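There are 2 protein chains.
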Amino acid sequence: MSLKRENNYFNLVKERRSVRYYDPSITIPREEMEEILTEAALAPSSSNLQPWRFLVIDEKELKEKLHPIANNQNQVLQASAVIAVLGDMKWYEKGKEIYSQAYEAGLMTEDIKDRFIASSAMYHRLDDAKKKSIVDIDGGLVSMQLMLSAKARGYDTVPMGGFNAEKFKQEFNVPDQYETIMLIAIGKAANPGFPSVRLPLNEITFWNQII
Amino acid sequence: MSLKRENNYFNLVKERRSVRYYDPSITIPREEMEEILTEAALAPSSSNLQPWRFLVIDEKELKEKLHPIANNQNQVLQASAVIAVLGDMKWYEKGKEIYSQAYEAGLMTEDIKDRFIASSAMYHRLDDAKKKSIVDIDGGLVSMQLMLSAKARGYDTVPMGGFNAEKFKQEFNVPDQYETIMLIAIGKAANPGFPSVRLPLNEITFWNQII
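These protein sequences, in sequence, are chains G and V. Under this note's numbering, think of the first position of the first sequence as 69, with each following residue one higher. Under this note's numbering, think of the first position of the second sequence as 69, with each following residue one higher.
The hints are simulated quantities; they were obtained by calculation from the structure and are not laboratory data. Hints are supplied without guarantee of correctness; some may be wrong.
If chains are identical, the list can't say which one is meant, so a pair holds when it fits in one copy or spans any two.
[Said to hold, decoys possible] Computed cross-link-like contacts, BS3-like style, restricted to lysine-lysine with a CA-CA straight-line distance of at most 27 angstroms:
(1) Lys198 / Lys235
(2) Lys162 / Lys237
(3) Lys158 / Lys181
(4) Lys82 / Lys164
(5) Lys235 / Lys133
(6) Lys237 / Lys198
(7) Lys128 / Lys237
(8) Lys158 / Lys200
(9) Lys235 / Lys128
(10) Lys128 / Lys72
(11) Lys181 / Lys82
(12) Lys158 / Lys198
(13) Lys162 / Lys82
(14) Lys198 / Lys133
Being a predicted model, the structure only gives us computed values, none of them experimental.
Build out the structure end to end from the sequences listed, making use of the hints.
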């Protein structure tokens, strides 16, 4: 069965659902995975510092190692890959590189580049809770775009928060510097995702004041 | 000038940029804003508990009140609205409502509904740091989809992390229960957003092991 690509955003956003059953015979080609990740990383981030990192797990033995760490969820074994979305707690160290690149591409004046580099260094002084919050939020942004970019190419995903984060870091030799924001299983659906409900808009939205 | 709707996801994702100059004469109709928020809220969330809340600020006096709290950023005054994306730190209290609704819609058996309600209650026992992380991540997911849903309708956005969160909660009477995840200005662009650079994929991606 061929993949159903879906270019139309309005359809895409409605059709994306969390899928827990995958066709284990389907491997996403490395090149296509790179395309998905590159597109995801067009997401915005705090001062454009892009704190996200991706650990793509697609080797059979590693998926088997991950399986018990992720509550024995079936999709870990069946999906083409599981992507660990990591947050680099020292993300601001890439400020000089990012802004210099923007300057060289003619997108910033030298003066603005220097000011951005100076301000990126200030993130260093934030406390860990604030740092964690920034990488979590930006990690959420990039993850949403990643799931949509997968769906646009006919793949499905499921974001997973239920895993042993400490054990994961230990078993996959994740340096202390990285926080694991979520795991995303990605592959070709074997069964469609279930529809789910949403709270009515008036329960989640306030207009001008919270009442 | 009419709005440029963009249905095609692949274009959309490339064309979305942070826009800081808006046409102050353009107001997004309430109905269209509801459409954007409803679509954004199709994002996935931890156990589908949808911890996000939106405070839409579109009254002139309130935008003026917000302006100094958000570092006097121009877009606060010019944009059609600023949406404060909030995270409800007691989001799990809606578990019973959400899963009962899913059960009534025939999307869950009664047994599964009861198990989900029981497990949603367990979020209560998490420490505040873990709770904060969940609302931040899910808040990031919904914010990304919100910005894309705006762009698909011809509007632009800019996510803003630079504001005085304490003062914001105080001046806008935001109950303690809510954390402010980010502010998103939304409206019709007066000037296009600047292009920006991204780190090369090989600097942010690891394949199977972190080296």
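Handout entry: Violated hints - listed by number, lowest first
Key = Checked against the structure, no hint fails, so every one of them is satisfied.
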